[in-house]
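Asks: Got chain A sorted already, so can you dock chain B onto it with the hints?
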Amino acid sequence: MKPAPFAYLRAASAEEAADALHQEGADARILAGGQSLIPMLNMRLARPALLVDVMSVRALQRIDVEAGRVTIGAAVRQRDAEAWPDLPRRLRLLAAALPWVGHVQTRSRGTLCGSIAHADPSAEIPLVLVALGGIVHLRGHRHTRRLHAADFFTGMMATACEPDEMIEAISFPCDRPGAGYAFREIGRRHGDFAIAACAAVVTDNGATLAVGGVADRPLARAMPLPATPGDGTALDDALDAFAWDLDARDDLHATARYRRELVRRLGRAVIEEAAQCRA
Amino acid sequence: MPRLNAGQRHPVRLTLNGRQVAADAEPRMLLCDFLRHVLGATGTHVGCEHGVCGACTVQIDGVPARSCLTLAVQADGADIRTVEGLAPAPGTLSVLQQAFRDHFALQCGFCTPGILMSLDAWLRFHPDAGEAELREVLAGHLCRCTGYAPILRAALAAAQHARDGQQAQSRDRQQPRDAGQKLAAPSQTARDGPQAALQTAQRAREAAGLPAAPRLQEGEDA
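First to last, the protein sequences are chains A and B.
According to this note's numbering, the residues represented by the first sequence are 1 to 279, in order.
According to this note's numbering, the residues represented by the second sequence are 1 to 222, in order.
Note that these hints are calculated values from the structure, not bench results.
Some hints here could point you the wrong way.
[To be verified] Between beta-carbon pairs, the in silico distance windows are:
1. D80/A - P90/B: 29 to 39 Å
2. C145/B - G206/A: 47 to 57 Å
3. F104/B - P224/A: 50 to 60 Å
4. R171/B - P5/A: 57 to 67 Å
5. S13/A - R171/B: 49 to 59 Å
6. H126/B - D250/A: 39 to 49 Å
Idealized CB from N, CA, C, for every residue including glycine.
Looking at chain A on its own, in the form it has when it is part of the complex:
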């Protein structure tokens, strides 16, 4: 339960960090808050030769609001995002989901981008990014590129981030007037990994439901809005089809059947809640 030896570099800029990844190849990893990576190091599930610490890069410590988007840098801790006074106004869904991420004691160091990079299928921040149609900003050696969240997550803890690339930031579209947002999660205990988590966005144009903890990655799908609360056979049918398409598996904590049922019930609950709190 001690990490294998590695070298450590505290990068002064995002460019320096990306160059270090480029030179070291697949043996280097970015270290931010360390709340996902260091357990992997301790259990020796990861044995990088070099860790590139990006937490002192000032340009990555920023939360920026520009052109209708909130951009959160790679060195922004979950605790800092939670304490950002504009969060409940700009990103209600993220504000609702952040208290479900780990515990107070891990949010004090863990970063949002680190959770995206780790890509645990039951993690809340990737789910919110997918639900809101967010963007992952990647930096490599002499290039940057942007990927939609739906294209970034490719499987169980697998992403489209190349070994010589790092996540520089993630960005979300700001909350729109007239839209409603809701998040709910079922786990064994608060702070545990979600058995299933659902996030809904409801606008004039319809509803989007994103589900985490069921498939190998968070997935979103458009849903029909019930004409009146409580009604909605079309919604039930769509939820049922989504539940089956997510290809749930049995594990120690829940059966596939239970997870499908959670998608149907939590899915309906978050869509109705989001429709009710449209502002």
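Replies: Using the frame of chain A, we list chain B on its own:
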């Protein structure tokens, strides 16, 4: 900062409980091991070593964090506070520590240093914390002895004490008083058993003009 090579020790400087300390660590050394094995501060306990149990929780720059999920080199320049820094003076206990004693909030004590550091940080900024909030803070810790109920009672009592202290401060500006630091000698329990210690603590509270240690019912909010 130059690249720190694997397998070599590099200087790490930090503030530990208000004191400047410096020692060498390999990049792979965890902060909990640096505290215990290099600096000799063994009050911080190490349980699961992957962030689940909370025993190793310390305060890093004032906020509670897992020292098993932090590298010593990451903590270079940081202000670290551990359980050794809680008591105001040798032979005394902090209000929170005394509340743990009064409410039997520990048995084997392995998880206690981590829980104390989380609650100490939380109550400093949230003296109005109620039961639901404190349960959430405690959710980041595993205790296999107590069943958590006495820990929660101790946390609520410490929160009440902090609020009383604030009120007393604003009320008694013209009559400053000893806010009850000297409550009980730490070896009392070992000598006379827990009941005698409780009585001594109670007498000390009365002597300091403090209300009796609150006895909260399950589910009651202070």
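Asks: Could you say whether the range 47 to 57 Å given as a hint is met by the Cβ separation of C145/B and G206/A?
Replies: 52 Å, holds
Asks: Indicate whether the distance between the beta carbons of R171/B and P5/A respects the range 57 to 67 Å.
Replies: Cβ of R171/B to Cβ of P5/A: about 59 Å, so the range 57 to 67 Å holds.
Asks: Is it true that F104/B and P224/A lie within 50 to 60 Å of each other by Cβ?
Replies: 56 Å, holds
Asks: Range first: 39 to 49 Å. Now tell me if the beta carbons of H126/B and D250/A are that far apart.
Replies: 41 Å, holds
Asks: Is the hinted range of 49 to 59 Å satisfied by the C-beta distance from S13/A to R171/B?
Replies: 54 Å, holds
Asks: When you take the CB atoms of D80/A and P90/B, is the distance between them in 29 to 39 Å?
Replies: 37 Å, holds
This entry satisfies every hint, going by the numbered hints stated previously.
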